[in-house]
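My request is simple: use the sequences and hints to build the entire structure.
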Amino acid sequence: MTDDDLDRRLRAADPLPDLPALRPDRLDQLLEDTVTSTAPTSTAPTSSTPDTHRRPRALLLAGAAAAVVAVGGGALWLTAGGDPTVLTAQPGGGPAASCAALTPETLARSDVAFAARVTGIAGGTVTLETTERFAGDVADTVEVVQGDAGDVVDGAPLELQQGTTYLLTADGGTIGSCGGSGVDSPELRALFEAAFG
Amino acid sequence: MRTAPDQRRADLERVVRAVVEPVRRHLHRRTDPATADDVLGETLLVLWRRLDDVPADPVPWAIGIARLQLANAERGRRRQGRLALRFGGSEPTSVPDPTEPVAGRLDDAAVVRAALDRLRPADAELLRLATWDELTTAQLAQLLGITPNAVAIRLHRARGRLREELGRAEPRPDTGLRGEGTR
Numbered sequence: 001m002t003d004d005d006l007d008r009r010l011r012a013a014d015p016l017p018d019l020p021a022l023r024p025d026r027l028d029q030l031l032e033d034t035v036t037s038t039a040p041t042s043t044a045p046t047s048s049t050p051d052t053h054r055r056p057r058a059l060l061l062a063g064a065a066a067a068v069v070a071v072g073g074g075a076l077w078l079t080a081g082g083d084p085t086v087l088t089a090q091p092g093g094g095p096a097a098s099c100a101a102l103t104p105e106t107l108a109r110s111d112v113a114f115a116a117r118v119t120g121i122a123g124g125t126v127t128l129e130t131t132e133r134f135a136g137d138v139a140d141t142v143e144v145v146q147g148d149a150g151d152v153v154d155g156a157p158l159e160l161q162q163g164t165t166y167l168l169t170a171d172g173g174t175i176g177s178c179g180g181s182g183v184d185s186p187e188l189r190a191l192f193e194a195a196f197g
Numbered sequence: 001m002r003t004a005p006d007q008r009r010a011d012l013e014r015v016v017r018a019v020v021e022p023v024r025r026h027l028h029r030r031t032d033p034a035t036a037d038d039v040l041g042e043t044l045l046v047l048w049r050r051l052d053d054v055p056a057d058p059v060p061w062a063i064g065i066a067r068l069q070l071a072n073a074e075r076g077r078r079r080q081g082r083l084a085l086r087f088g089g090s091e092p093t094s095v096p097d098p099t100e101p102v103a104g105r106l107d108d109a110a111v112v113r114a115a116l117d118r119l120r121p122a123d124a125e126l127l128r129l130a131t132w133d134e135l136t137t138a139q140l141a142q143l144l145g146i147t148p149n150a151v152a153i154r155l156h157r158a159r160g161r162l163r164e165e166l167g168r169a170e171p172r173p174d175t176g177l178r179g180e181g182t183r
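Taken in sequence, the protein lines are chains D and F.
Here the first sequence is numbered in the numbering used here, starting from 1 and rising by one per residue.
Here the second sequence is numbered in the numbering used here, starting from 1 and rising by one per residue.
These are computed hints drawn from the structure, not numbers from a lab.
Restraint ranges, calculated between C-beta atoms of paired labels, are given here:
no.: 1; chain 1: D; residue 1: A122; chain 2: F; residue 2: E13; range: 44 to 52 Å
no.: 2; chain 1: F; residue 1: T136; chain 2: D; residue 2: P20; range: 21 to 29 Å
no.: 3; chain 1: D; residue 1: G163; chain 2: F; residue 2: E21; range: 41 to 49 Å
Where a beta carbon is used, it is the ideal one built from N, C-alpha and C, also for glycine.
Next up, the structure:
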């Protein structure tokens with residue numbers, strides 16, 4: 001069986017070969033919802049960029065659920081006394097293709113920025129102790145749960161190691177894979193301080 | 001002349017028109033329609049917030065966002081399922097699987113899907129992304145953050161493994177290829 005034959009069989013196995021296109025009015029509505037749901041609100045605190053005021057709908061929907069930031073195949077749980085924040089994941093955009101150069105301006109768009117030290121690794125869960133807060137609400141303890149590696153083919157997961165301190169950002173509930181998070185280093189710290197200082 | 005917000009909205013619209021159908025198809029292949037719609041909304045919100053970061057080819061980028069949003073939605077649902085079990089003692093409602101063969105029909109498509117399900121998840125997903133989502137090698141490289149060469153190698157290996165699975169399946173195509181625990 002050649003690659004072409006195999007691909008043909010795979011395409012024929014597509015469970016959804018002919019999904020009807022979105023109706024134009026539905027698309028307009030989606031665009032409208034997107035734009036209005038992230039407009040600045042009067043109750044939001046001041047911030048360097050207006051579109052970071054509002055959290056995405058996922059955060060509101062999740063309510064009392066736990067916090068998740070997928071870092072590649074992992075998930076960060078920011079637990080704060082039973083009232084955690086939900087964060088979502090950013091795909092591995094790839095170093096070459098889609099990552100803009102990391103600047104204080106791009107970093108400043110993050111909703112959450114903090115430093116944390118890994119205090120425990122057990123059963124696929126990494127526990128971190130927050131040591132510094134640069135932006136957003138971050139609990140004293142952060143847990144990273146190694147989640148569905150299968151869901152994420154690749155990405156650029158952070159390798160979290162016992163005793164190491166990391167600088168971490170999440171933008172709109174999303175930890176980026178474009179260098180906005182990493183081991184606490186003078187270079188990254190300088191960017192954090194320029195962005196959030 | 002357009003004001004800045006108008007320009008931003010126009011930029012969003014341009015990006016959304018380019019990505020909305022590929023993203024919708026990606027999602028509807030992998031989850032139920034309600035979740036697909038929710039995750040599409042979440043994905044557009046991320047596009048809107050990160051409009052300045054949209055790369056030249058926005059499709060793999062948007063699909064990358066969508067698949068992680070979907071992974072989070074699924075995780076949330078599993079958490080809810082676990083809570084329901086813990087407090088209510090009842091089984092969580094299972095979500096219909098759009099890839100389930102209709103009325104047990106075991107045609108070649110079902111055989112191929114079953115073989116895909118037996119591969120390592122990363123291999124299966126790579127093949128789905130390449131053939132169902134029709135992403136090119138360059139787009140896969142962008143999505144996965146690896147070189148096109150590495151994509152080609154992984155695809156080659158994944159195809160080889162799928163061939164092996166299909167070879168294993170074909171002598172006995174009538175033995176419940178999608179039984180419990182295959183996903």
